[in-house]
Amino acid sequence: MKPIRGGAGEAGQVAARLATAPRAVSRGSLVHRLLEDERVLGVLLLVPTIVLLTLFIAYPFAKGIWISLTSASVGQAGEFVYLKNFVKVWNDSIFQRAAYNTFVYTAIATVAKLALGMWLAILLNRHFRGKRLVRAAMLLPFIVPTVLSTFAWKWMFDPTFSVLNWSLYQLGLIQTRIGWLTDPTLALGSVIAVNVWRGMPFYAISLLAGLQTVSPELQEAAAIDGASAWQRFWRITWPLLLPVTMVVTLFSVIQTFADFQLVYVLTGGGPANSTHLFATYAYQIGIITGLLGEGAAASLAMFPLLFVIVVIQLWYIRRVEGR
Amino acid sequence: MDTPKQRDAARPGPVDRRTFVKGAGLVGAAAGIEGILAARRAPAYAQGTKLHLLRWNDFVPAADEALAKIVTDANKALGAQITLERINANDLQPRITAAISSGSGPDIIHMLHNWPHLYEKSLADVSDVAEPIGKAEGGYYEACQAACKVGNVWRAVPHTIVPGQIAYRKSLFEEVGAKEFPKTWQEYREVGKKLKAKGFPIGQTAGHTFGDAPGFWYAYLWSWGGQELARDGKTVAIASKETLESVKFAVAFWKEACDEGGLAWDDSNNNRAFLSGTISATLNGASIYVESLRNKDKYKTDKGALMHTDILHGAMPAGPAGRFHYHAGFHHAVMGYGKNQKLAKDLIKFLHKTENYEAWFTPQRGFSVGATNVWQKHKMWDQDPVMLPYKTAALSFRFFGYAGPPTAKATEVYSKYIIVDLYAKAIQGMKPEEAVAWAESELKKIYA
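From first to last, the protein sequence lines stand for chains A and B.
Position 74 (the first sequence) corresponds to 73 in numbering that gives the first Met the number 0; numbering is contiguous.
Position 118 (the second sequence) corresponds to 117 in numbering that gives the first Met the number 0; numbering is contiguous.
Keep in mind the hints are simulated off the structure, nothing from the lab.
By construction, the Cβ of each residue, glycine as well, lies at the ideal position given by its N, Cα and C atoms.
Be aware that one or more of the hints could be misleading.
If you want the footprint, here are the derived chain B segments under chain A, 3+ residues with CB under 8 Å [unchecked claim]:
1) 90-101
2) 189-201
3) 235-248
4) 436-442
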C-alpha cells in the first residue's frame, strides 16, 4: 500500500477508495482505534509476559502447592491430605536441622558476601594499573559453572588429600589434619565459605556499578571539609549506595536460601545431616524417596518466611528510593 | 510418457486388509509367511519399532562395549532400532521421576536397590520374563527376588549384582601378623588398631553417599543382630541391646582403627585413598582392583611393588549374629507408559540369552555377578583367584528393611541415611543411647 502523501487530490482518491470498501475500512479502523487506546495496547503488550509468567512461574508454583497438599508419590496422584505433609516435615528432626542450617547458611553468607563485596567494589573503584584485568578476573567464581568449581573445592577440602591441610602443615601451622567436611560445625562453615567465594563477585560488580554513579565531587568536597575515609563512606557512599545494596541483597538472599548444587556436591547434606539445607532435603525426600507431596512440602516450607523477608526488603527499598 | 490412467494405476491407493494379505502372501511366500499367519502373530523382526534402553555407566568399559555389541545384535534379531543410553547412577532417579511424571521416556530403565517397589504402579508386569529366566538359571538370589517382586508380581527382571567385599593390602596385614583376613569384628578392630598405628588405617565412609555407606553400615548392624523392623514387618525394632552394642563398638572401632576423615567420604574417596596407599582396607566393589589392573604401572605400594599384586578381598567380618552384606542389585524394568512393552520384554529376554549374558558377564571379571545361582559355576571364576570372594558374595545379601520387606518405607529410611547417621552421630560424639533413640524416633515416624 502506498503511503498517503497528502494533498487534496490524493486525499480525495483515498476517501473514494475507502468508500468503495466500507467493511474492510471499518474493521481496520476498529483495530486502529483499539491500538490507539492506551489501555488496550497496554494489555496487549502485557499478554506475552503474562503468558510466560503463567506458564513458567505461576503454574509450577500453584502445582507445587497442590502437590504439597496431597499424598502424591512418583507415578501416583495421591489424595488431598490437607496440611498433613507440612505437619510431618515440621516434626521431622532432619527437617528441623535443615531449617536451622538454612537460616545460619543464608544469614552468615549474605553478611559476608555483602561486606567482602563492598570492600572489593571500593577497591576496584580506584584507579590502578591492570584494573580491567582484575575486574574481569574477579568475576571468574561467578562465571565458572557451580558444579565444576564446587568439585575443585571438594578436592581442596578432601579429608585425606586436602591441599589446604597440606599447606597449613608445611607452614607449620597445624600438626594434625583439619576435618573441613567431617566436623559438623566446620562442615557448615566450609560450605558457607564456598558460597561466599562464589557469590561475592555478584555483590562486588553490582556495587561497583552503583559506586560509579556516586559523584566524585561529593567525596572531594567532604575530604576538603576534613571528613575521614570512614566518615566519607558512612555519610556519603553508603546512603547513596543503599538502594543498589538492597536490591542486590534481595536477590542474594533468595538465591542463597534456595541453594542446592553446592551442598549436594560437597557433602550431600552430611555428615549426619549437619549441612542439609531445605533444597537438598526436599530433593532427598521428593526425588530419591519418591514422596513428591512431602518433598514439595519441605520445599515450600521456606516460602512464608522468604516471602516476609522479601516483602520487608521491597518495602524498605521503596522507602529508601522515595527519600 | 504415462497416460493419466496408467498414472492412477501406479499411484498407491487405499489398501484393504484382503488386498494386503493377498499381496503380502505372494511377496512373502518364499519367506514362509504362511507359518507366521498360521501362528496369528507377527514375528519378532516384523515388530520393527524404536526402543530406548536407559542404563548406568558401567564401571567396566569392556562390559559396556560388549553390551553395545549385544544391542546391535538385538537390533537385527528383533528388527528394532534400539537406543542405548548410559548415565551416571546418581542421575537415574531424577530421570525416572521425570519419565513417569510425564508419561514418556525410555522403554526400559535400569533400576537399583528396591526401586521396583518405589515405582511399582508405573512399571509393567514382567513376571512372564523373570520367572522363566529364574527357573532356567537355578533360581534368583533371595535378595534379588525381594527387590523385584512386589507381592506376587515381578516389576523388574533382576539383571546383576555389584557385590561389595573388603579390599585389603596383603603385605600390610601380614606385617601386623594377620596371615588371613579377620573373620570377626573384634579381630578386624585389633588388626586395624595396629595398622592405624603404622599409618595405614582402615578407610570407611560414614557420609551421605549412596553405595559404600549403606553397604557397610546396614551389613554391620545386621551382623550384630540389630534390625530395622521386627518380623511382622511393622514394628520398629532398632532400639535393641544388639544395636546399642554395635554402636558402642563402632565408636571405638572408628577411633582406634579407621581414618576419621571417612565421615565426609563419598563413594570415590576410598578408591583414591586405597590406590594412593594411604589406607589398608575398605569395603568396596571390585573397582579398586579393576582400576589397579587397568593402570598397572600407575599404582604402586610404599615399597614400590605393583599395587594390584598386593590386593586381596575378604568378606565383611562376622558379628554375634553372623556375616551379612548389602550389595547393589541392578534390574531392568519395563516402563508402564511404554508403547512397545512386548518388544521391551523381548529385548530383556535377548539380553539374558546364555550366550549374550555370558558375553557381557565375562569381561566383568567378577565386578558384576549374575542375579541367578547358575553364574557361580561359570569358568570365568577360574581366571583370577583374587576375585573369588565375589563369586559367592551374593549368598549373604540382605535387603534394607530387614527383618521386614524392602518396601518404599525402607527406601525412605535408606535415602534419609538414618542407619548410616545412627553410627555417624555416635562417632561424632553423641551418646550411643541417644543415637539409638534418635534412630528409633525417625523410624517410627516413617513406619507410622
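Hints and how they fare:
1. Requiring three or more residues with a Cβ within less than 8 Å of a Cβ of chain A, the coverage given for the stretch 90-101 of chain B holds, as 6 such residues are present.
2. Coverage of the stretch 189-201 of chain B by chain A is violated. Counting CB-CB distances below 8 Å, 0 residues qualify, and the rule asks for three or more.
3. Given as covered by chain A, the stretch 235-248 of chain B fails the check, having 0 residues with a CB less than 8 Å from a CB of that chain where 3 are the minimum.
4. Interface restraint, the stretch 436-442 of chain B with chain A: holds (3 residues with C-beta to C-beta distance below 8 Å; minimum three).
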